[in-house]
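Enquirer: So you can see what is in the structure, the chains are spelled out below.
2 protein chains.
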Amino acid sequence: MSEGVRVAILGATGAVGAELLELLATRSFPVAELKLLASPQSAGKMLNFKGEPLTVEAVTSESFRDIDLVLASAGSAISKAWAQTAVESGAVTIDNSSAFRMDPKVPLVIPEINPQAIATHHGIVANPNCSTILMAMAAYPLHREQPIRRAIVATYQSASGAGARAMTELKTQARSILDGKAPPTEAFPFPLAFNVFPHNSDLSDNGYCQEELKMVYETRKIFGVPDLRMTATCVRVPVLRAHSEAVNLEFDAPFPASRARALLADAPGVTLLEDWQANRFPMPIDAAGQDDVFVGRIRQDLSHPCGLELWLSGDQIRKGAALNAVQIAELLLRERGLRPTAAATENLVRTE
Amino acid sequence: MSEGVRVAILGATGAVGAELLELLATRSFPVAELKLLASPQSAGKMLNFKGEPLTVEAVTSESFRDIDLVLASAGSAISKAWAQTAVESGAVTIDNSSAFRMDPKVPLVIPEINPQAIATHHGIVANPNCSTILMAMAAYPLHREQPIRRAIVATYQSASGAGARAMTELKTQARSILDGKAPPTEAFPFPLAFNVFPHNSDLSDNGYCQEELKMVYETRKIFGVPDLRMTATCVRVPVLRAHSEAVNLEFDAPFPASRARALLADAPGVTLLEDWQANRFPMPIDAAGQDDVFVGRIRQDLSHPCGLELWLSGDQIRKGAALNAVQIAELLLRERGLRPTAAATENLVRTE
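The listed protein sequences correspond, in order, to chains A and B.
Number 235 in our numbering belongs to position 253 of the first sequence; there are no gaps in the numbering.
Number 154 in our numbering belongs to position 172 of the second sequence; there are no gaps in the numbering.
Be a bit skeptical, because a hint or two may be false.
Covered by chain A, per the in silico footprint, the following chain B stretches (three or more residues, Cβ under 8 Å) [claimed, not checked]:
1. 167 to 180
2. 211 to 220
In the DSS-like style, the derived pairs of lysine-lysine whose C-alpha atoms are separated by at most 30 Å in a straight line are [stated by the list, open to error]:
3. K153(A) to K27(A)
4. K153(B) to K153(A)
5. K87(B) to K62(B)
6. K163(A) to K87(B)
7. K27(A) to K62(A)
8. K163(B) to K153(B)
9. K153(A) to K163(A)
10. K163(A) to K163(B)
11. K163(B) to K153(A)
For the record, the hints were derived by calculation from the structure and aren't laboratory data.
Virtual Cβ for every residue (Gly too), placed ideally from N, Cα, C.
Using the sequences and the accompanying hints, generate a full structural model.
Expert: And the structure:
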């Protein structure tokens, strides 16, 4: 791999695609060749990589020939449609969609937490849900010290989780409302500007939406605790690109806030942001455009002797998506030279 | 009292003051005389009551002479400064500030929950904190059926909680950001538009802010459960005037969501808003300007066999403040003809 990696970005024109381009450049990922793939509607668009213009191509069955690494961020349906082709072409796919995350044959990886899981991959590595990554980054350093017994999460999720179009719509909505006009609702089912609403992903029979179930199931898989007791309420708030979360953690024994603070101050990828004098804790405007997850307001839970309350903000597009994917690619490159195992030729792709 | 009640509104020029004027008119409260009181800076302003212009007066020690009822909503310091004077003048004060809420001699009342508490008043009745009222309205109908063992709340609080000036500032901030300018931060310590931040009320030594502690302590007092296990994370979101809350409730035995739904559908002051087909649940834009607290997304807690998750939105200025105060006044009028007990002449006002 000394010549570098031949990379394809599937979904290059989206919000995460743009961030992937930026991160491959700024992190000096050894890119030998870069192919930008998207839907036929986006083909022909020009994007920049390290100052060089690149043309976006429509994805076809030939797109993955002579590609080593696919960074896929074009939604679940596109990933399901193309991942098998990419694997058969010999590329490793790091998939940002939910398509393969719960597939037992696909590792679901946050490099700071479960890098070892990557060893079992068969051509696809899944990037977890954004809210899940941010919460896990704050919870895992504590969980490693003392297993979490129960977690109760409430999210404050930005427009970026619904893509670039949603971010634009939030701004358009805000301006409409300020001007006394009805806000457009195309990307979102309801007005988000000056409003909040429960996350609009599909509802399950148990009343939880998919976003909430992702957090529960994916955390169990990432932490390797299949019966972790967890619940979440996911809510969209009128913020552009960073998510925040209120996290209540319960342990088997008291967990001193001071110890949690020390662990999080040392945790890679985490910035402890607590200025008690100034009443200053993580905010989306701190996290936007940053790599780290910002954690603070760590306090002993008034309602439970073994509980901790904490608060976090993290960039949904960066650590919540693109950065984690690039970190997985860096890990693959370091550990394995990016080659899938021999088993990669098996049909491993779930295509329900 | 057949001639009606002589009412003074202390803090008439604020956001809650405006709503009190509106509610006294629309609810046909028997107002015989109405005096609008505010700080000297606001004296001389003209406000309307039932189409009639009224001049705002600066509050003085003479202001409460021949007044039966004071509706105070000018903040804790003003309430502490004037409540004793009002009591000594023979008026009953319904105080919207936090000044007297935890005073054991002062009833803290939500008319749908603990109307009986009013019987013990000595001239002051306290109106609870806005987030507390909204949460309690949803939780109490369940608590009455089966005592709550533990409650974990995360709030999504609107700008209105910080007053009319903060609502204006949120709009100004949004416009500034849309125009690429730095947002002004006078009413708030940080930008609220396109951002969220933990509630900026004073922090206690245990790391909780006053807003969170109010919810815990006031709920215990209103429910009459001094050791209720409760925790809260209070967060400001860029919404104009309705608060939302994610509420996790734990009971001693399983509480069927269907039963909770039936109880809340019947609860006075509560509207059950759950359209599972349309993924449509309470939002601030539903609640703004409405009397009821909107509750929905009731689901069995995935993390606890005896847990329930629910979501609510309620108008912070209306049921969270002015409406509850007027309902207390209506209750006093109905039950007691508004007269305080003989004990009212004792010095009952805490003046720390």
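Enquirer: Next step is simple, just say for each hint if it's right about the structure.
Expert: Taking the hints in turn, this is what the structure says about them:
{"no.": "1", "hint": "167 to 180", "verdict": "holds (count 9)"}
{"no.": "2", "hint": "211 to 220", "verdict": "holds (count 7)"}
{"no.": "3", "hint": "K153(A) to K27(A)", "verdict": "holds (24 Å)"}
{"no.": "4", "hint": "K153(B) to K153(A)", "verdict": "holds (13 Å)"}
{"no.": "5", "hint": "K87(B) to K62(B)", "verdict": "holds (15 Å)"}
{"no.": "6", "hint": "K163(A) to K87(B)", "verdict": "violated (49 Å)"}
{"no.": "7", "hint": "K27(A) to K62(A)", "verdict": "holds (24 Å)"}
{"no.": "8", "hint": "K163(B) to K153(B)", "verdict": "holds (13 Å)"}
{"no.": "9", "hint": "K153(A) to K163(A)", "verdict": "holds (13 Å)"}
{"no.": "10", "hint": "K163(A) to K163(B)", "verdict": "holds (22 Å)"}
{"no.": "11", "hint": "K163(B) to K153(A)", "verdict": "holds (14 Å)"}
Of the numbered hints given earlier, the model fails hint 6 alone.
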